[in-house]
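Per my numbering, residue 799 is the first one in the sequence shown, and the count goes up by one each step.
Quick caveat, the hints were computed from the structure, so don't treat them as lab data.
Be careful, since some hints might not be right.
Claimed, not checked - Simulated pairs of lysine to any residue, SDA-like, Cα-Cα distance not exceeding 25 angstroms:
#	residue 1	residue 2
1	Lys1290	Thr1266
2	Lys1504	Val1297
3	Lys1404	Glu1477
4	Lys1275	Glu1477
5	Lys895	Glu864
6	Lys1187	Leu1021
7	Lys1238	Lys895
Claimed, not checked - With beta-carbon atoms standing in for the labels, derived distance ranges:
#	residue 1	residue 2	range
8	Ser1453	Asn1305	16 to 26 angstroms
9	Thr1195	Glu942	15 to 25 angstroms
10	Leu862	Asn956	53 to 63 angstroms
11	Arg1222	Ser1202	39 to 49 angstroms
12	Ser1278	Leu1417	49 to 59 angstroms
Note that CB positions come from ideal geometry on N, CA and C, so glycine has one too.
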Amino acid sequence: MMSNNPQVKTTPIIPEQLVDFKKLFKPILFFKWRILAFSILVTALTVFVVMSMKPIYSATSTLLIESEQASAIKIDEVYGINSGQREYYLTQFEILKSRSIAERVFNELDLVNHPQFLPQPSLFKQLKNSIDFLPKEEVVPVDENKIFQQMINGFASNIIISPIRKTQLVNISYETPYPELASLVSNAVGDAYILSQLEAKAGMTQKANIWLGGRLEDLRVNLDASEHRLEQFRIDNGLVDVEGVTALDAKELQRLSDDITLARSRKAQADSFMAVVKKYGASDIGRLESLPEVTSHLSIQNVKREVSIVERKVSELQQVYGPKHPKLISAKAELATVQNNLRVQIGRLVQGIEDEAQTASQNLRSLEAQFNSSKGEFQDLSTIDTTYKRLLREVNTNQQLFESFLSRQKETEVTGDFDSPVARFTDRAVTPYNPIKPNKKLIVVAAFLASFIFAMVIVLVLDALNDTIKTTDDVEKILSQRALGYIPKADKKATYDEVNFAFYDSNAKMHAESVRTIRTSLSLMALGQDLTTIEITSSFPNEGKTSVAMNLAFAFSGMEKVLIIDADMRKPNVGSRFGLPNYQPGLSNVLAGSESVSDCIAHDVKPNVDVLAAGAIPLNPQELLSTPILAKVLQELKQHYTKIIIDTPPVQAVSDALVIAPHSDAIVTVVKAATTRSEAVRLTLAKLYQARGKVFGVVLNQLNIKDAQQYHGQYGYYQPYESNSVEEPETHAKAS
């Protein structure tokens, strides 16, 4: 819902700024012929250079680098080759690119005498030597080694090594103006690489043989010495089989240790039983009978079994017979006999265990003595065994080293004359028939396009950096001033008088129409106000302000009486342009009070045009203009003229124009098209406004109409209006 509050202000929508491509390409269209001429010139020079260039031929051979080199016996460790690694191929590629390969090929093919590598004198030296009267250059001794190295560098730079990705193939190319040499070098590089690798392999084999032979003799001496020491040790210690002796002694010690353990166990059991017997006494058979050591004995168990059988028999007979029955008496007698036998057996068992305890103690002491003796003997034998093993290890080590070196020497001797190439050709280079470069058509086309684009860029850059006022459109957009009009640039052949009085030239109708347009613009801007005094000024000298002032006076003279005042008392030239003498009194005389105004005015220099020259050049022109007399003089002149055109000095040079500005009804600033910079004009306008001057606008002088038409079109603003009628009376033309 929109608000009805009148105080609410809506922000206007500013259209998005777009790039004006038409304006961007205007400079290119304007300078199109120059751009094209520059491109044609560069292209012509390129054609000349290209035609003088020698065609370059290239031949390519393909080399297969073996991943696993054939060998009679595998001895890769001698040569330090690990062909399974990626670095191996990169290393081989770098060897192909190496200077040593290039120098080897260069020497083998004797390229030092080839025409390509012979030093050629420069064109200047050839021309100088062909002219007899020019002094000849002194022969300077040259460093042949340096020249040779430069040849090698130039030769190597044309060798191109190109590995084929994900393969073991590599292309070898050579570029040269000589097609036969291209194929020859390409194949020679591959051959030189293969041969250099074979030579390196042979050299390493020879070095390995020499080194292995020297080391093998030392190892043989060491092995013999170690075997002699081992044999002497065996003789000194009377050893036949040290390992068997030590093993037997170890078994004996183990057996004695086991016997000692068993003897200690038996002695402990016997001592334990004897301790119980001593505790209860040997006569207490009942208690001894209950001991586990007694009851567990086999003989006791058998007797006790018989006692149990007889007791069960007596018990059964007691139930059947009386106490005096013979069977019962016999059974009781048998029971007494068995029980007595049990006591005898227990006594014997106790005595046997006691004897066994004594025997176990003696046996334990004997075993321990025997063990200690065997242990000492084993320790002595162990020391001998340790020394023996050390000597044996030394012999084994020396023997292994000797056998390893002997085997390696035999391998290198066997493979020394086996030439296994590290690479082989899959394709050899052939003589090329068509050059690979230069692509003359492409170079010429590229030169044309590059120069054309370069010229366009330069034009755009210079146009962007050019901040001069070039058109009336620039006056309004850059200076924010009204463009009163323009005056076309005169022909280069026009004389000085033809430029000054072009308004009356029937052949310069466009010039007259342009001046009338300026007059009309000033008149329309002054509607409703006084427009009598018009000050004409500029920023710098030579912008054409005086000719503009004169032609503007000629335009006003067709309708009213006009006076031209030359207020540039420093460098006056209005009087000289109208042919007045140098002694003609003028404005300076009037302001100084030495002459009257009427005596200083030159009447009818042109129809309805009078001139008040600058007069004698004073020492202080600005002080004269600053006096109140100037206002009185202008007031007096207004009574006789309806238009007074005042030509003033440039604003950036002196301040005279600023002094006259308050006395003028209108100020017209003259800007030389495509010459005066916009910042300077802005500063001029600022000074005029600061001096309270009434700036009506800007006149663009010396505008190139052809250039303007290219910017704005053939029928645009700057197209002249052709008219058969002549506005000025015929008398005006005659007076000119």
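Violations among the numbered hints, reported as their numbers in ascending order: Hints 3, 7, 8, 9, 10, 11 and 12 contradicted; others consistent.
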